[in-house]
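Read top to bottom, the protein sequences are chains A and B. Heads up: the first sequence begins at 1 in our numbering, then just goes up one per residue. Heads up: the second sequence begins at 1 in our numbering, then just goes up one per residue.
The set of hints was computed from the structure by calculation and includes no laboratory data. For each residue, glycine too, the CB sits at the ideal point set by N, CA and C. Check each hint, because a few of them may be wrong.
Quick list of simulated restraints, FRET-style, between CB atoms [to be verified]:
(1) A/S73 - B/W181: 17 to 23 Å
(2) B/V103 - A/D87: 27 to 33 Å
(3) B/A17 - A/T155: 57 to 63 Å
(4) B/L113 - A/E17: 55 to 61 Å
(5) B/V33 - A/T155: 48 to 54 Å
(6) A/T155 - B/P36: 50 to 56 Å
Chain A stretches covered by chain B per the calculated footprint, using a threshold of three residues with CB under 8 Å from any CB of chain B [unchecked claim]:
(7) 103–110
(8) 174–182
The residues making up each chain are set out below.
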Amino acid sequence: MGMSGMDSDLIVRPEGEVKIETSGLGLFYGEFQALRDVSVTIAARRITALIGPSGCSKTSFLRCLNRMNDLISGARVVGEVLLDGRDIYHEATDVAVLRKRVGMVFQTPNPFPMSIYDNVAYGPRLHGRCSRSQLDEIVEKSLRAAALWEEVKDTLRKSALDLSGGQQQRLSIARVLAVEPEVLLRDEPCSALDPTATFRIEELMIELMTRYTIVIVTHNMYQASRVSHYAGFFLLGELVEYGPTEQIFENPKDQRTDDYVRGRFG
Amino acid sequence: MKGTQSMHRPQRLGPRATQAAAFAALWAAAALVLLPVAAILGVMFVRGGRAISWELLSSAEDGLLPSIVGTVTLVALTAVIAAPLGIAAAVYLREYAPRGPLVRLIRLAIVNLAGVPSVVYGLFGLALFVTLLGFGRCLLAGACTLALLALPLVITASEEALRQVPERLRAASFALGATRWQTVRRIVLPNALPGIITGLILSMGRAAGETAPILFTAAFIALTKPFPSSVLDPIEALPFKLYYMATEAHGITEDAKWATASVLVGLVLTINLVAVITRARLRGARRW
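Pulled out of the complex, with its shape left as it was, chain A reads as follows (with noise of 0.2 Å):
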């Protein structure tokens, strides 16, 4: 243990802005530790890709950044994870504020039981009062931008069930853009859909990267290679390598990272 530290050269520190930083991070389900010693620093408006075998933790690391691990009854957290440079952790945090600064997208697609545009004006509705002009105005600009307005423009009133795998997932991201988080954190995007709907996510995220921090948990190697910027490698709950993309995948310095990425095991 302990060889995940910061002074490890195997975690390399982005350069420009930062948006996210954890220090000594860690999380237990009861007796369970799920993630140990997690020290990672994520630049503001590029794409963060979170890799690594089923079950070593990168959805619970995800989960840390906007706190839905608070749901999980047994679950706590140790170290840091300091959001624009405060800790979210912090007793005296709103969660509610936290999470709607920080948006997710799970893994499978959860639309609510009504219409496509109640859907996408759940948040907004939450968040303060909108005129109907103004709600109008922001489904049809979430829509848009989660590439899903030409394909829903004329039914909007119907339910959101009733939306294929990959609208509905789209419908989620367009979802999460109508409260304009800062972050986007995206649970194994695409996993479920078919290369086309896949496709069109990717153009949509690179698209979305220019406004948004967006960190991507995925088992798709190629995605991860081709849509973001940073890399990072988690293997039983802990970060063994990370940093640009292209390091990782082509020139890793960990023999792990190295033969999960050449898909040795996974």
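Given the coordinates of chain A, assemble chain B onto it according to the supplied hints.
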């Protein structure tokens, strides 16, 4: 069947025969449950049917109308009291309360409350609502007592309905920055509503038929003022009327008693039917 069996006599019954025997036994058990229900309803409606008439139902003097109105009003007021309390308790237990000894204790209390005999509720209602709080024997005291009786049913049914709302919908709401209350109000409650309403109506069906809780708290016979005009007025009620006719009244034909029973059971069955229809209609409109 006997012919084919005889070949295997020395051995145990074959799987097919076992299957057939088990099926027959289970069918008989199920039929046995049906039998008393059919018998009770049959006797009641046949005998009651002879005595039932529009006059019996609608007359305010010696008919059942005051009792019908009394029971319906009583049940409605019971629902008004039990619904907010029961639903709020269920929401607390399912959505807010941290898992721990306190919640386990509350759950235990609810289970025990459901097991308290209804006559004890009646005596408790007499002591608390009628005497201590000074309501007197009236609609309000009866409804409060019945609400206590219905509360465990309402809470249990509401909790079950809340539990059926998928966890991922709550997660999606929280992830968008909703507070717990916003999530409960906008996502959880609307989706649990069919189950909650069904449970509420069913427990009102149960409350409508109870005699003991209203015996000391609300019900009278042959009131000079047959219809209540305030919640502090005494009422007549079908179960109590039936109890009175069966035990103390003189000169009443058996058929008239059965007719009263038919009206009471008819009312309860109607309430249950409404619950079933409500569930079917609201369920049909929602899915996830």
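So, going through the hints one by one against the coordinates:
1. A/S73 - B/W181: 17 to 23 Å: holds (19 Å)
2. B/V103 - A/D87: 27 to 33 Å: holds (31 Å)
3. B/A17 - A/T155: 57 to 63 Å: holds (59 Å)
4. B/L113 - A/E17: 55 to 61 Å: holds (60 Å)
5. B/V33 - A/T155: 48 to 54 Å: Holds, at about 49 Å.
6. A/T155 - B/P36: 50 to 56 Å: Holds, since A/T155 and B/P36 (Cβ atoms, about 54 Å apart) stay within the stated range.
7. 103–110: That given contact holds, which follows from 5 residues of the segment 103–110 of chain A lying within Cβ reach (below 8 Å) of chain B.
8. 174–182: Satisfied; 3 residues make the cut.
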